[in-house]
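Enquirer: Next come the chains, spelled out residue by residue.
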Amino acid sequence: VRGLARVGGLLALLLLAASAQAQQATVSATMRTSATDVAVGEVLQLTIDVQLTGTQDAEVTPPDFTGFTVEREEIRRPISFTFGFGGQTQMQARLQRLYLLRATRAGRFELRPAQITAAGRTVETNAVTIRVGGGAAPAPIQPVPPGQAAPTPAPPPVDPGHPTPPGTVPPRAVEGLSYDPAGFLRTVVAPADPYVGEQVTVSLFLYLPTRLRSSPQITQEMSTTGFWTQDLLPTNRSLTPFSQEVYGRRFDVYELRRTAAFPLDVGELSIGAARVVIERGRRSIFGTVGGGPPQTLEGVPVPVRARALPSAGRPAGDIHVGDLALTASVDRAELRTAEAVTLTLAIRGRGRLSGLRVENPELDGVRVHQPEVRDAEDEGNVVGGTRTYEWLLIPDEPGTHVIEAFELPVFDPSVGAYRVARSAPITLTVRGPDRSAVAPAPEVEEDRDADLVATFGPLRRQAALDRGRASLADAPWFPFTFLLGPALFGLVLGARVAGRRRAQRGPDPMRDARRLLQGASKEEDPAEAHAAVGRALRLAVEGRLGQPVGSLTRRELRRLLSERGMEPALASELVEALEQADVARYAAAVEPAQAIAAGRALLDRLLRFRPAEDA
Amino acid sequence: VRFALLTLAVLGCVAPARADSLQAIFAQANEAFFEEDYAAAADGYARLEELGVRDADVAFDHATAEARRGRLGRAVLYYERALLYRPGDGGAREGRDAAREAIAARLADREGEAEVEDSPPLGEALFGHFAPGTLALASSLLLFLFFLVLILRDLVPRARLGATAALVVVGVLTATAVAGWTLRAELFEEGAAAIVLRRRAAVREGPHADAAVLLRAREGQRLRLLDSPEDGFARVRAADGREGWMAEDAVAPIRR
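Taken in sequence, the protein lines are chains A and E.
Here the working numbering runs 23 ahead of the position in the first sequence, where the first position is 1.
Here the working numbering runs 10 ahead of the position in the second sequence, where the first position is 1.
Calculated directly from the structure, the hints in this document are not laboratory data.
Just so it is clear, the structure is predicted and the values come from calculations on it, not from any experiment.
Cβ coordinates follow ideal geometry from the N, Cα and C atoms, glycine included.
Hints should not be assumed to be uniformly reliable.
[Unchecked claim] Taking beta-carbon pairs under 7 angstroms as the criterion, some of the chain E residues facing chain A (in silico):
#1 Q38
#2 A108
#3 H139
[Stated by the list, open to error] The calculated label-pair distances, taken between Cβ atoms and stated as ranges, are:
#4 E:E46 with A:D457: 49 to 55 angstroms
#5 E:G98 with A:Q527: 43 to 49 angstroms
#6 E:E46 with A:R442: 50 to 56 angstroms
#7 A:Q527 with E:P131: 42 to 48 angstroms
#8 E:G172 with A:E546: 49 to 55 angstroms
#9 E:G172 with A:Q527: 27 to 33 angstroms
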């Protein structure tokens, strides 16, 4: 019994533990999207799937949807039930949170894990990465109609499988269409911001909720000003619709046009609106029958922003946008002079091959004829194909002639980088005699024709047979003639400046006095010499004192000189010298030379004299 | 006196002898031209040039002979030379333009399309009717006159207003003449103006035949000849600034 009791107790403990385990809630969650590569403007569905055990309620915190706008949010509970017995019932539930997200800008977006809180526990989902391209991407969910080649253009904003509840979210107009439940036209452009020269695929779709009774009439084509265009759909084809659900409504979709458009210049361009006349029908057991009068549908214009090719790393020359591969070949590499060889250059690739320019090869000693050019276009949605150049070469000189590699700079918009497509160089080995002497050299080709003869002339029969006189301007001294004017001007200007300076300096009595003494020394008449000495001394005294002294007596002069601060000895000598000069005119007491020397000495002493007012 | 007489006698003998010789070559070249032997005519005119003749009419005839034999690049070259010797020569200008048009037409026939001749240099477009020497003399005289008027304006206060007006006029004329001389004589241009003689002449990265081709110059196109040719190649600069080497015989300077 004790053993049974132990076993029973153990079982009871196990049941209790199991019960406790059953009562503890468990939460698991995942996050997924309907697409991980979308274009700007496209809609994708993000689903957060939560598995709950032991509880039915959970709080879902979605990740940050930067780069997207939430078009619609929906909560679903596809599974929720309980099982068990008594108080040990077990609850299981499934919760789905759906978000319709519209990509608003290009880039790579990592959506962080969503957080789910249930029964006091928090778990996280996985993270999701979404790449958003610059333009519309190929349709990932659109059914491809029979006979149509993938990829098809982007679909309109749809929510497949999840019809919008009536009256909940009104459909909004998006680029390229004006939504009308009764039918509308949609223009799809991919990419919307191409590089200049890059292919833009433009498609025109007709959306109708009812069947067409007859083929639609396009009364106005989409305008493509500023583009070089090429139709991508075959001329003869059947107009087969495919189904698509838009905002909860099912439409028959007809593709009316698909065109490759290459922007020719940088800037804002536009694909113009198309206008289509349709006749509706309705389904019956007898097929599609008439449903009303003709109706006109008008599309909307779609902008295209053509970007300039990047300047970084741009090689020289005309750039081909797309992709190219060059292959050069000759039909024989060894030949004799004057024999012909065919050089073939095959350029295969994507893009507008008709815009390619290839220069003729240049080979010394080989005549190169004009090439024959052939184009072969590929079928499909991407414009491309093969362009072939064939040159006929005729070597005139024996030896080895190297045909240089052909080079074409290419910009590949898919990787956004430049490269130079090259062919391999080809070597021709030519044997035989040199025929260059008989072959016309390129620069001396005689191309005489009647037009040239008529155009040029007539001859000038008279000529002076001038042997080229040297112009004065060629003389070595000629550049110096340009200095004559400035030199003359400088001389005149210098003279004027010197005169002006002299005028500014004013009279200089001491200088004039010295000149008078100089003149006195040359004077032959002693009386005149003494008189000159007297004038010189008086002029010097008047200059120093700044006042006339001619009318003063000797006493008055001595007093004046004393008052103005002159040393008595100098004043006496000066007065005596003046008196002696006056007297000497009649009876000279000393020789003129002595008087002049004494005068000079006095002038020197007067120079050092500073009158009282000036001190 | 004897020496002077002797000198006069020598000059009197030599001068007519040279003229007769040049005249004879010129007459023979003209005769070949009228016989439609344009190659012989062109050789005769070329010989005159080798003998030092720098005559606009001879250059014109040379250009015409080259044009009629189909060597249009050379025709452009000699018409340009005629215009260098006589800037106002309307016939030479018309001939040069016609030669360029014929080159373009020939190119278009061959390749489907062709670029029409590039615009003339600025100096030629603005001052094409004046020789560089004439513009140089005018510049020097006008500059002297400018300073003369400047001195007059300074020395005669009463004539200051009139002298100022004259100063402006003479200043403008001087600047125009100096600009014209600078442009026409290509004083600030490196190298010498030259003409391409071959069709699609290769400008290579280096002075040898195996060097990569930088560009193809068109026959009759203007280039700058930067250095004297060496080893059969001349360094040139195209209008777009690209420099390279061209076969010596594919290009010739306008001024000899």
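Enquirer: Which of the listed hints are broken here?
Expert: 1, 3, 4, 5, 7
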